[in-house]
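Sequences are here, hints too, so could you generate the full structure?
There are 2 protein chains.
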Amino acid sequence: MNLALITIGNELLSGFTVDTNAAWIGKKLSKIGVQVSIHITIDDRVESIVSTLKSVSDKNAVIVTGGLGPTHDDVTSSAFFKYFDDTPQFSEEYWEVLTQRFLKITSTIPDLNRNQAMIPTKGTTIPNPVGSARGLQYEKDGCTYFSLPGVPNEMKAMMTESVLPFLEKKSHHNLIVRTIRTTGIPESALAEKVDIILREHPDVSMAFLPQLIGVDIRLTGKIESKISSCQHELESELGDLVFGYDNEGLENVVGTLLLKKGLTLSVAESCTGGLLAHRLTNIPGSSAYFKGGITSYSNEAKMKLLQVEEDTLERVGAVSSETAIEMAEGVRKLLKTDIGVGITGIAGPGGGTEIKPVGLVYIGFSMGEQSYAKKFIFSRDRKGNKYLTSQVALNMIRLTLKK
Amino acid sequence: MNLALITIGNELLSGFTVDTNAAWIGKKLSKIGVQVSIHITIDDRVESIVSTLKSVSDKNAVIVTGGLGPTHDDVTSSAFFKYFDDTPQFSEEYWEVLTQRFLKITSTIPDLNRNQAMIPTKGTTIPNPVGSARGLQYEKDGCTYFSLPGVPNEMKAMMTESVLPFLEKKSHHNLIVRTIRTTGIPESALAEKVDIILREHPDVSMAFLPQLIGVDIRLTGKIESKISSCQHELESELGDLVFGYDNEGLENVVGTLLLKKGLTLSVAESCTGGLLAHRLTNIPGSSAYFKGGITSYSNEAKMKLLQVEEDTLERVGAVSSETAIEMAEGVRKLLKTDIGVGITGIAGPGGGTEIKPVGLVYIGFSMGEQSYAKKFIFSRDRKGNKYLTSQVALNMIRLTLKK
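Chains F and U are the protein sequences, given in the same order.
Quick note on numbering: this note's numbering labels position 178 of the first sequence as 179, and the sequence is numbered without any gaps.
Quick note on numbering: this note's numbering labels position 308 of the second sequence as 309, and the sequence is numbered without any gaps.
Treat the hints with caution; some may be incorrect.
Note that the list lumps identical chains together, so a pair holds whenever it fits in one copy or between two copies.
Stated by the list, open to error - Below, simulated SDA-like cross-link-like pairs (lysine to any residue); rule was C-alpha separation at most 20 Å, straight line:
1) K105 x I186
2) K337 x Q308
3) K194 x H73
4) K375 x V51
5) K334 x Q308
Hints in this document: simulated from the structure, not taken from any laboratory.
Written out as structure tokens, the structure is:
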């Protein structure tokens, strides 16, 4: 079963909005064996929408998102009514529902919302459990067309409750997709390392997905046992380079390891400014092992809160191996945890010198009787350097806990 | 001048990777008056690429990203050579350059990289200042075609150094785009509020872009004075609902206000887990006003570091107005700043009760003689609740500083 995805909106074409809906939809569909074979983004003019619907009418299904809101640039319903030659009707009943919903949060319902109460004659509406814009569903020449809002949480609720169950029934085979996440090796070296394994598994297709923090290997196939055997060969070839699977981030992996070992963690951050704590606390239940963090953005905070020695700061500076270790030890002592991590560096764009350039980072680690720091030089922009640093710190924790 | 953007990769269609390149490219192009009229994502098969190139050959320019890497699923060069009926040659010279570059970071260059040394006969190569895959550029029937790698920092460097300057010369008029960012009002109410202004400015096109944290209004037009007059009318109608312009986040706005007033800030976070500090420190130079943050993920940390009273925690609990205020006052005192913010709440999915449901958040604020807290109930998932909380906290700071 193959499907075309159409996302509508000038804001997507002009780059104002990053299209995260498309990725979410693609992922959900792969899981039920439906392949997105093309994804097209167009502007919000009725003619563009109609001609694009025509161009993909050879698919089994078409999902359109966006353009169902109440304002003048929301024209998807009109385009659907035109393409399917339909005459919609105003639903007094739904208008009443909408009015009641609005009165709960504001004193009046804008007239602009009236167009959201128009219902199709030849097609059906798709309920929206979390918002005012309902979707549309039509059948034509063996293809099912869905129109959904572009607001992510509304689109997701409607996909989950209506569209995915419908498509799952129509889809016959489920594709198995497994992702193996690696870090610490460039894409071409990784590809060479696993080349023989790739050749020995003709029923498994393998893709390399390079990202800021590592390269993911995605395996796709129809037979579970063949995917598994390929996966095991890759794992034994790659060893510790593999940090996780599928959607697992390093923060999940580290959390699971800490839980399993019954260890607690605290972090002291300078150049990452809270990002490491933020990533750790993105995991539900993280309060069981993550006790807290200190973002020490000044030397005073480093000394006062983390007991970094004034002498150290004067002798080797805030961005140094010694300071990173003292921060790790300091936060560990302060928050009484088994592990302490201390990060200090220069995220940029300013603040670099010849000896200590932008991107220079020290990560300190303290656990048991052992304290040490590692030095890195990253070459991204401020946000990229922050992110890479948080990733490398999480990887240091993972590798230590795996020993 | 209109342009088609083609992004290549199964990982985009299956949602494994979010296509952030497209948004970046769209934004850069709008600034030089080039409109992306269609964006198509396809899989990495030569036939798909060739047929898609044909389908957009009526445009003035086509940018293709992805599929220039060294592995077996990188077939864009082959598709270009086929579409332009070109016979490429192996460049010993570039192979030598590549080899030298690899030897700097690893002991050997994988043979897989040889295909990156193939150069076109009918077209030209686009230099890649930060990676090994060079781009391709061809002219055919009045349309210029560019092929660039999909790795974001390589694509961006090549766009900036080669493609954008080339297109800017060919583009004749510059579109003016201005975005007015609002928070605290739903899209339809906003649209109704500004409806008359919209009608009175036929030369300015207005789009509403709802997002998690507010609605942006984007104005587009060709004449600066008309955009400005429309903008001023919107500003006086909307007042404090407007928090910034274009790419400005609330963290930028708050940073600028703090700098201007010479005030310093510290934050104590529980349910946001470091996100507020992370956002504040994403701004270069933030160390001038942001002194640090405490992520207190346990009651002990709240008492020990922030001097939250044990009695308060026992009487009204960690998620309460009182605790939020004591956290704000505590961090302010600890880090000796003019302003302290304290956040406590239940991000979910677990931890909620009937009286204190998931999404309940208190934000405490302390400045001068004044301390207070506000209560919110958010209804997103964990990450959404964290993000909304950080946004509302920043907005509280902004509104206080604007007074």
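Hints, verified against the model:
1. K105 x I186: between (55 Å within a copy, 14 Å between copies)
2. K337 x Q308: both (14 Å within a copy, 17 Å between copies)
3. K194 x H73: between (55 Å within a copy, 14 Å between copies)
4. K375 x V51: neither (58 Å within a copy, 48 Å between copies)
5. K334 x Q308: both (9 Å within a copy, 18 Å between copies)
Violation of the numbered hints given earlier is confined to hint 4; every other hint is satisfied by the structure.
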